[in-house]
Amino acid sequence: MRLINRNIILVFFVVMQLTSCLSSRYLEKGEYLLYDVDVEVDNLALEEGLYAALKQKPNRKWFGISREPYLYLYYQGEKSYKNKRAIDSLKLEELNRHYEEKITKVQTRLSKNQHAYLDKKDRLFEKESSMTEEQLYDKLFKLAKNMEKDSLRYLSKIQKLQEKQFDKGSKLRTRLAKGNWRMRLMGEKPVLYDSTKTRYSLNSMESYLHSKGYLNGEVAVEVDTTGKFVQQVYTVTPGPLSKVATVSYTAQDPSLLQYLEDTRNESVLEAGIALDRQYFSEERRRIATLMKNNGYYDLTIDYIYFELDTAKDDHRVDINVILNNRSGNVPHQRYTLQGVSFENDMSKRTVMDTVKHQGVLFYQGDRFYKPKALTPKIHLTDGVYSQKDVQDTRAALGAMDVFKFVDVQVAKKDSTTLTAHVITNSLDKYQYSFETGLNMNDRFPGPFTSFTLTNRNVFNGGEVLQLQGRFSLEAQASTLDVEDQLYTGQELGVNTSLLFPRVVFPMSESLKERLFVKNTQTLFLTGATFVERPEYKRLNLQGVFGYQWRNQHQANFNVNLFDIGVTSTPEVDEAFLDRLREIGGEPLVRNFDSGLVSSTNAYYTKATGQFGMGQLENTSFIKLFAELGGNTLDFIDQQFLGDDEQILGLPYYRFLKFSAELRKAIRLGYLNQQLASRLYIGVARSLGGEESSLPYEKYFFSGGSNSNRAWRPRRIGPGAYQQTDEDTNFEQPGEVIIEGNLEWRSKMFGFIHGALFLDASNVWFYQKQYDEDNNLKEGAHFEFSDFWKEFAIGYGAGLRLDFTYVLLRFDVGFKMYDPSLSMGDRFLLKQNFLDPTKAEFNIAIGYPF
72 MRLINRNIIL VFFVVMQLTS CLSSRYLEKG EYLLYDVDVE VDNLALEEGL YAALKQKPNR
132 KWFGISREPY LYLYYQGEKS YKNKRAIDSL KLEELNRHYE EKITKVQTRL SKNQHAYLDK
192 KDRLFEKESS MTEEQLYDKL FKLAKNMEKD SLRYLSKIQK LQEKQFDKGS KLRTRLAKGN
252 WRMRLMGEKP VLYDSTKTRY SLNSMESYLH SKGYLNGEVA VEVDTTGKFV QQVYTVTPGP
312 LSKVATVSYT AQDPSLLQYL EDTRNESVLE AGIALDRQYF SEERRRIATL MKNNGYYDLT
372 IDYIYFELDT AKDDHRVDIN VILNNRSGNV PHQRYTLQGV SFENDMSKRT VMDTVKHQGV
432 LFYQGDRFYK PKALTPKIHL TDGVYSQKDV QDTRAALGAM DVFKFVDVQV AKKDSTTLTA
492 HVITNSLDKY QYSFETGLNM NDRFPGPFTS FTLTNRNVFN GGEVLQLQGR FSLEAQASTL
552 DVEDQLYTGQ ELGVNTSLLF PRVVFPMSES LKERLFVKNT QTLFLTGATF VERPEYKRLN
612 LQGVFGYQWR NQHQANFNVN LFDIGVTSTP EVDEAFLDRL REIGGEPLVR NFDSGLVSST
672 NAYYTKATGQ FGMGQLENTS FIKLFAELGG NTLDFIDQQF LGDDEQILGL PYYRFLKFSA
732 ELRKAIRLGY LNQQLASRLY IGVARSLGGE ESSLPYEKYF FSGGSNSNRA WRPRRIGPGA
792 YQQTDEDTNF EQPGEVIIEG NLEWRSKMFG FIHGALFLDA SNVWFYQKQY DEDNNLKEGA
852 HFEFSDFWKE FAIGYGAGLR LDFTYVLLRF DVGFKMYDPS LSMGDRFLLK QNFLDPTKAE
912 FNIAIGYPF
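The sequence shown begins at 72 in our numbering and counts up by one.
Keep in mind the hints are simulated off the structure, nothing from the lab.
Mimicking EDC-like on lysine to aspartate or glutamate, the simulated pairs with C-alpha atoms at most 20 Å apart in a straight line are: (1) Lys839 / Glu802; (2) Lys128 / Glu688; (3) Lys459 / Glu353; (4) Lys427 / Asp416; (5) Lys249 / Glu99; (6) Lys183 / Glu219; (7) Lys132 / Asp109; (8) Lys839 / Glu854; (9) Lys848 / Asp889; (10) Lys818 / Glu119; (11) Lys475 / Asp416; (12) Lys228 / Asp238; (13) Lys260 / Asp107; (14) Lys128 / Asp107; (15) Lys162 / Glu234; (16) Lys860 / Asp889; (17) Lys314 / Asp385; (18) Lys608 / Glu642; (19) Lys176 / Asp221; (20) Lys191 / Glu219; (21) Lys132 / Glu259; (22) Lys459 / Asp478; (23) Lys314 / Glu289.
Estimated spans, in silico, between C-beta atoms of each pair: (24) Leu648 / Ile823: 42 to 50 Å; (25) Arg348 / Gln178: 53 to 61 Å; (26) Lys443 / Asp664: 45 to 53 Å; (27) Gln178 / Leu827: 53 to 61 Å; (28) Thr523 / Leu892: 44 to 52 Å; (29) Leu98 / Ile823: 26 to 34 Å; (30) Ile823 / Ser160: 26 to 34 Å; (31) Phe616 / Ala116: 46 to 54 Å; (32) Trp859 / Arg356: 39 to 47 Å; (33) Lys608 / Lys242: 52 to 60 Å; (34) Ser665 / Lys839: 24 to 32 Å; (35) Lys427 / Lys589: 19 to 27 Å; (36) Arg348 / Pro577: 52 to 60 Å; (37) Thr640 / Thr523: 23 to 31 Å.
Every value quoted in this text rests on a predicted model; they were computed, and no experiment measured them. Glycine is no exception: its CB is placed at the ideal position from the N, C-alpha and C atoms.
Please model the complete structure; the sequences and the hints are all you need to start from.
This is the structure:
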């Protein structure tokens, strides 16, 4: 196997060398390939911006290793297309000629038709004396109407022919302009050295230095030509960094100056910071927003200037922020808002309903919404105008999921007052969706189908009722079969949710305003899930009551006050229960008895950038989750229950669970590459007695296509416990989890992306564990002194097919370090390196994180 691996590596480097020779062979006389550009700068914080300022960049590298594959594929595509280019050109000419002839014929008929109508019009005027004036106008009107109808018919034909001409010639034009598919998608057009763009790059990079506060920054370039290749080295000398010494404000209007002085502590401009142009842009936006939120509707960033005094010798700069009046030294007008209206479905109304509620005038068509339900969403009120109220109104109404669009139009009523018109258009009251596809589970695809039925504005208060159903078949390996034979599992689920766009709780409105965040929504949910596997049949019933909202920083909050579930296992295989006893003892077996799980949970999520959209940009995501189980049922007086461990004959669980997940993706310079990382930690503990356990669904599991891709789903752990062959075929739960993932992503060819990844993870129990014979399970519990040596580490590579709306992912992982083996056998890099028999294959939809 090691010989095969060495041969693969040898072939790879031979191919790289051969393609390197071929890429220069196609260059014409006087053409030089811009092979490499290096920017040398001591300050790493400036590096990415300096690269971005380059006006000419070399071709991208395949996984950061070599540019040759892209150039080679481009030239090979160009070679194969060379003879076909003339054919495509003739085809395009023939296509254009064919459609232009057709269009000309229609235009000719249109012209003849128009002349015929003009002749008819002249003949009518010749007979004017034989008709009354009313008859003449009637005939002329009919003639003009028929003429317009025929003209539109001919023009429509012309438009359709032009569209066909464009559509049919689109592929030909693309090939003629950019080459065939190998040139466009697989390869990349060579970047030829241009000395003019080098001069532009020098100016652009120096401008960037100046914008970051390096006013004396200089850039020099050294060009090295070797054969047909050009290498450039830009040497950057930033010089001393200029910093802000003092910040002062000047405004011709004393009222505006007072606002500036009162909010000085909110400014990003302060003494000691770098003289970065970005701070000036932020300050202009801050001041304009401040003024618009205090009635100055017309005040924009165009009235805000900066005066810099750079005469000091210590590279410290005094800044004077100037807020000018309007032209002619006219002070800015402070506007008040007088008159707010809400208009819904105005273009398709058959009846009109008009009512005024709390200062807002409602005009509603066929779709009626209770004014008292919408008024809290409309933040606009009579008084001093605020742009923030406009934005909050648009966001609050848009979050209700009952309006297709929300627009707020502000208009001047006179020289001092404004009016606001909230204009909305309703989504369809009833909407359904049907989806079918393949679901990946345990490496094997299984079909699924789901449907969603939505009923909007159920009680005329913007409520949304949804009925969802899902059925899936999954190919799974039985936990009882060590030969990994596949069995078919099925899952059927249905749930109903009702979302109120307001707080639903038995308390006064004034108290709600003090206790709850504005725009809080209330969720009621009930659901049932039936799971059938070879080992058991399981039914879960769930009910949820909670609140959700989003703050002004685009962070999402969910608080479920009551999350109650009832679990029933009508059928379970005795051999399966025996396996549970071997692994986790009786507490784990009791998870498959009927039981009651109640909890209060809350989670916080926030994402920045186009997270998970297939764009190799800077993104981040954070999620915090906390859950307290059993507290809901503890409110019930145990005197009425007669048993502090059961409710209505069903055992219930007391537990605490916490988890935190952080994802971060960083774009690597100007390259089409991204470095993505993920950290996930969690702790769950039973709060019952020594024999108590967590509900099975509350344990942590590690391994799989979205976790550690070198292991099968849920098969890692616990800790360094040495598993038997039977253990590796069974899900391994844990009460503590730590997962870390690192992935290098790169665009390869067109919609095909590649990735290299490294995963490390494990789960542990919080306390020492014993087998059915009361023997200690060495390494299964978490210890601070040893946990860092017990991570299961895997590595691998993958392909992603980015179809814009969906991303199909193929990953292959190899084990590097297996903590479940004996100490001397854990490091598996040599044994497993590129060995397909030791690989774990993963197919999934979307990025793993």
